[in-house]
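From first to last, the protein sequence lines are chains A and B.
At position 24 of the first sequence (counting the first as 1) the number is 31 in the working numbering, and the numbers step up by one without a gap.
At position 235 of the second sequence (counting the first as 1) the number is 242 in the working numbering, and the numbers step up by one without a gap.
Treat the hints as calculated values from the structure; they're not laboratory data.
Wrong hints could be hidden among the right ones.
One copy or two, either will do: identical chains are not told apart, so a pair holds if it fits within one copy or between any two.
[As the list claims (entries may be wrong)] List of simulated lysine-lysine pairs, DSS-like, C-alpha gap at most 27 Å: (1) Lys277 to Lys258; (2) Lys16 to Lys258; (3) Lys251 to Lys277; (4) Lys294 to Lys277; (5) Lys294 to Lys122; (6) Lys251 to Lys122; (7) Lys16 to Lys122; (8) Lys16 to Lys251; (9) Lys294 to Lys251.
2 protein chains.
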Amino acid sequence: MSLDEAATKPHEELAATLADGMEAVNLLIRERMASENAPRIPEVTAHLVEAGGKRLRPMLVLAAARMCGYPGPYDVHLAATVEFIHTATLLHDDVVDESRQRRGRPTANLLWDNKSSVLVGDYLFARAFQLMVEPGSLRVLSILSNAAATIAEGEVLQLSAAQDLRTGEDTYLRIVRGKTAALFSAATEAGGVIAGAPEAQVQALFDYGDALGIAFQIVDDLLDYQGDASATGKNVGDDFRERKLTLPVIKAVAQADEAERAFWQRTIEKGRQDEGDLEHAISLLHKHDALDATRQDALDWAARARAAMDTLPDSELRRMLSDLADYVVARIN
Amino acid sequence: MSLDEAATKPHEELAATLADGMEAVNLLIRERMASENAPRIPEVTAHLVEAGGKRLRPMLVLAAARMCGYPGPYDVHLAATVEFIHTATLLHDDVVDESRQRRGRPTANLLWDNKSSVLVGDYLFARAFQLMVEPGSLRVLSILSNAAATIAEGEVLQLSAAQDLRTGEDTYLRIVRGKTAALFSAATEAGGVIAGAPEAQVQALFDYGDALGIAFQIVDDLLDYQGDASATGKNVGDDFRERKLTLPVIKAVAQADEAERAFWQRTIEKGRQDEGDLEHAISLLHKHDALDATRQDALDWAARARAAMDTLPDSELRRMLSDLADYVVARIN
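Chain A on its own, in the form it takes in the complex (with noise of 0.2 Å):
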């Protein structure tokens, strides 16, 4: 999930508009992670939170608060509670995973150990929930946790799924608003609703969120088959050398003839990989037109965040993010 590449740079311009508001919530994140009665917590904390990572959720809760003339000061909270949430995640996926590498530097699980990593997980999410409490809001609290037990579930149907070659488009998308969308709907909603932004809008929130989310992580996957690594900084197979079943081979498998099926089962459902399996599988993603489908499906997802966002009232920030859904899906078109 990088942003890092191509001219303009909406997240950037984001940045420096809400750049107050972002400082506040740096802020409160150095705070609210401190935890003086046990040390490992801020070492590993500051080591994912300080890395260098876009605060692309943050922004978006302020975004979206500010657009409905929010004045604050609690859309700082949030944006801080959906940072927590997501590091989090971060730290339970690489232990998940058995990631080695995050952002270009080790992950905690490898400096530390799996243990620190589970437990100062669990202490970000209860910080989250702590942050959460004190804008006071009841429909807020609803979305957050809401968000939070979509994100774990779509984690746990990942590791069911991932190596089940029956796993279709519409699994796929739980799976996806999961890892990504749900916390980024939550973002904007929160957002809206905490402005006391009027019902249409704050569905448009949700709406933005939700789609800029699933291009987000389709790109993401499809990049896996296609990227340049030089600018994506992610390794073409990654996620076919981890066995994933993401959208360009949901699509692929759905097509296979039977000795395709059977390429599909020995390399993804049982794992037994060979030399040149990448390059085939490639082969038939091109052969069935998966990869210029999923990118299709991106566009799509991004032209309903644009969507979402055309019926709000103009301002800057809605161009922005506007942008955003463009500029998510630039890399792949």
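Given the coordinates of chain A, work out where chain B should sit on it, guided by the hints.
Relative to chain A, chain B alone:
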């Protein structure tokens, strides 16, 4: 943490008195641990939730709420909440401790894998937060999210303090509050708050749960050095072999001469243990009256729990909770 033995069993009396409420709690637990999207979740959860735990924490919520005159229904939600938080921490603890058995059955991390335990634990945390939002009480949310943070903080603290002989009784107490007492006191306090009990009663309920939980854990740590395995289900010396700095050892280290300090450093800090070391450790605990002093601490905490109950209006439930405090220390008295 087993309460299986002895003649009078106040937790059974509580279970009988609260039978209708506990039936509703069990129904709600089963309903909310379901996930039609990810069938792995109810599988893993059922393994633990249905394993015949005593549901002590949910009973504390119901007892506290009802003795303060609460007619329901939200004590049931809060009771299910604390059981979900408890179950989530058990799943994560077993990963962190690499445990193979719990309650006489293989652990989930052994039956499935660490990944499932981490992610299903996260799911249960999220479900707990969804449940606790439903009563609509911000104060209850604050109590329970603070407890979740204290639990995670205590676990991390235990991780870094475990092999540090400088760990004192104050740190031990902080760890024990995290491991056990924070959820006990949150259960009783939340029960009082949802019932709208006067402030002094809410405080007494908190004090009771806090002291009961501390007594409970100290007894557990004491039995590890002098229990009867057939009665307690624990093997003598597990904590020693796992190099845990529990209260008996902390008390003995505080009085150790140079040779004894070297012994503790070798066996606990560095983990180099030989045959006969456990016996020598136990002899040192006896030499410094560490076991008796630990027993006295447990009795003192149980007395504090009873004293807190004495400030509440008299009732059958109050008597049972007082008896429970006696019962917890009956195993060592």
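Hint-by-hint comparison with the structure:
no.: 1; hint: Lys277 to Lys258; in the structure: within (19 Å within a copy, 55 Å between copies)
no.: 2; hint: Lys16 to Lys258; in the structure: neither (31 Å within a copy, 60 Å between copies)
no.: 3; hint: Lys251 to Lys277; in the structure: within (12 Å within a copy, 41 Å between copies)
no.: 4; hint: Lys294 to Lys277; in the structure: within (23 Å within a copy, 60 Å between copies)
no.: 5; hint: Lys294 to Lys122; in the structure: neither (45 Å within a copy, 35 Å between copies)
no.: 6; hint: Lys251 to Lys122; in the structure: both (25 Å within a copy, 15 Å between copies)
no.: 7; hint: Lys16 to Lys122; in the structure: neither (37 Å within a copy, 36 Å between copies)
no.: 8; hint: Lys16 to Lys251; in the structure: neither (30 Å within a copy, 52 Å between copies)
no.: 9; hint: Lys294 to Lys251; in the structure: within (20 Å within a copy, 59 Å between copies)
Violation of the numbered hints given earlier is confined to hints 2, 5, 7, 8; the remaining hints are satisfied by the structure.
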